[in-house]
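If you read the sequences in order, they're chains A and B.
If you're matching positions, the first sequence starts at 1 in the numbering used here and goes up one per residue.
If you're matching positions, the second sequence starts at 1001 in the numbering used here and goes up one per residue.
In short, the hints are calculated from the structure, not lab data.
A few of these clues could be false.
Within a straight-line C-alpha distance of at most 20 Å, the following computed DMTMM-like cross-link-like pairs (lysine to aspartate or glutamate) qualify [stated by the list, open to error]: (1) K108(A) to D1149(B); (2) K108(A) to E133(A); (3) K108(A) to E1198(B).
All values reported here derive from a predicted model rather than from experimental measurement.
This is what each chain is made of:
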Amino acid sequence: MPAEPGPRADIVCHRLGKVFAGGIEAVAPVDLTFEAGRTTALIGPSGCGKSTLLRLVAGLEDPTSGQVRIAGLTPAEQRRRGAISVAFQDPSLLPWLTVRGNIALARKLARQSPDPRLVEDLIGLVGLDGFAETRPAALSGGMRQRAAIARALATRPDILLLDEPFGAVDELTRQQLARELPPLWQPRGTTTLLVTHSIHEAVMLADRLVVLSPRPARVVSDIAVPLPVPRPADLAETPEFRALATRASAALALGNARNAPMAAQ
Amino acid sequence: MTRSAALAPAALGLMLLFAGWSLLAMALADTRVIAGPIQVAGWLAGNAGLIGRALAVTLTNAAIGFLAGNLAAILLAGIALVWPRLTHAVSGLALVVFCLPLIATGPILRVLLGPGEAPQIVLAALAVYYTTLIPLMTGLRATPAVWLDLVRSYGRGRLAELIHVRARAGLPYLFAGLQIAAPAAFLGAMVGEFTGAERGLGVLTIRFTRSMDVSALWAIALLAAAVSMVAYGAIGALARAVLHDRPPVILAPPGIGTGAGFGRAVHAALLVVLVLAVWWGAMEALDLNRFFAKRPPDVLAAMIRGPDAAATRGALFEAVAETAVFLLPGYLAGLGLGAGMAILLVLLPGLAALILPVAVALRSIPIVTTAPLIVLFLGRGAAGTITLVAVMVFFPTLVACLHGLRQAPGQILDVFQTYASGPLRQMLHVRLPAMLPALFAAARMSVPAAILAVTVVEWLTTGRGLGSLMALSASTSNYNLLWAAVVVVTAISTICYAAVAMLEARILAIYAPEQMRR
């Protein structure tokens, strides 16, 4: 967590839009509020602009319209407070640092005091005991993803942004990570935004699903996920889970259908 | 494969080289052009004091030049990183200075800096900074964007990027540059000693060339080769210890191929203005004597407006034509043979294990220091000069092309193998296209090296061409002609380098577009 606990970290996007050079509109102006302490999944087809939306929230991209405010501050101000952590699709571990070094680096970058105990705890929590002194090249894809998520958690962020954090791992590992990792941030009340194109993953992890249309990203549907937390693996077999997944799937299909005539034009 | 097992073919290759040398020396004993291992060892033992003192002087000059040149390179790379708009100016100015003919800058530095070691040190620094600057500029920019995003995601700026990511990510590239720079510093110091120093291996080389002492020349050349190989190997070992992996092979310089035709023309024009301003400004600021240190208007007068302008132009034109006759065939032969040998080694992997370590070792040798030997062996005519230029170009081309051939995408080779395509077909359709970027990178970097080689041979032995003209005008204190020659050689070298770079950019755009985006 940043040096001083921040106020309730609602993320408010007001008419937020992004048009890239060359006129490619990635995000149509959207109004969205992500409530503090909740996990919201942004789901949509590949290339729809959901990662761009996440980068806008992180302040890693400048919006071409609208603005983002996190507890009243700009993303840049929140980043300077060390309040934001991002786990990228690519684990982006520095190859010359060990697992321990990579996780500790986050605190250094966020200008937080070293906390070796927290780093060791995180290594254990993400199941990398015995690999603390291993360099990323010697880790499997799933282990790198775990290390990257541990790094994102090392600053105890108010805002956690996860950009398809399980994108590069096999299905079994993906499901395992989706089960094991949320308990690391959920009890802390961290405001979490998760970008994914997996409906199963979204329903398993999130309190709310925001379904986006193909590019430019527009909100097609906003679905609450009133399932209990923590969520065991067999929750996916329940009618409630299936109903939510079916609803999200239908919303995705609807978004595709709505955008099809625009794409044809 | 263990390290000792991997070294076995290299040791065998070196032993074969040694045996071939011994046999050749015995076979040609009557011609007095090759000294065998026993003669060389005997000469070294008998002159240990002399050679030891000379080696210490040259090594010290090379080491100081190495340090100064590399610090300058690191500083320039840092400036280009912090102010990206200066990248073209920094790399362009650096290229022009790199293309200065050492044969001419040596005597000029000697009259400006006086007797002593300073000119050799400056030449050593000039010989190394470019080979470090280019890889370092590439390395500092080759950082994956996502690593920089990570730093930015914690609200940190360019300084944190440099400290936590870029500096470390650029380290392998720095080592790659330093590895090439170590032999280059030794070469620079020796060439500096050629141009009127009082002590050092270069001075001994001149003396023994004049007295035709074959054993001494072989001993000095082998000593220079050994020192260069040790320095090359030591920096490679240091890099492996620090980095845990091999230094990368750098092909494209930063910014290559960027900008359209008009943009390039503007950059070139700005570069000319910058070079003239730095040249003139430095001379005025240091208040250098106008007799030795000519300003741009002096050179303009000497070549165009002055009373002897026609004679100066005639002498320069004749010298350029004489040099070109040796330079072009040697340059093209070196490129062709280097690429050809690389292809052969890939088709015959057994041979590669034997030859490659020797070739990599020989690449580190400052070939110019062996100029007297090659000319002694092949004569003062075209054959000796062309061979020296070809040898100068051959080794870097061979190593770069081998790297390129091995970069052929494995999955595409797998596709060919599924259709039972043989090695030749794979070579033609997959490996050769993958090799082209490396071939053109070697062609580009070889331009100044080839010009250095040809001018050194012309100066030391043949008495013709630009090398001889520069040496003659330096010894007769004809500084107008000397500076005019410097301008002409530097301009030719820079233009040829830029021309090859433009061709290279077209090749990269097709065969290695990822290198254009660095």
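Hints, one by one, checked against the model:
no.: 1; hint: K108(A) to D1149(B); in the structure: holds, 15 Å
no.: 2; hint: K108(A) to E133(A); in the structure: holds, 18 Å
no.: 3; hint: K108(A) to E1198(B); in the structure: violated, 55 Å
Consistency note: the structure conflicts with earlier hint 3 alone.
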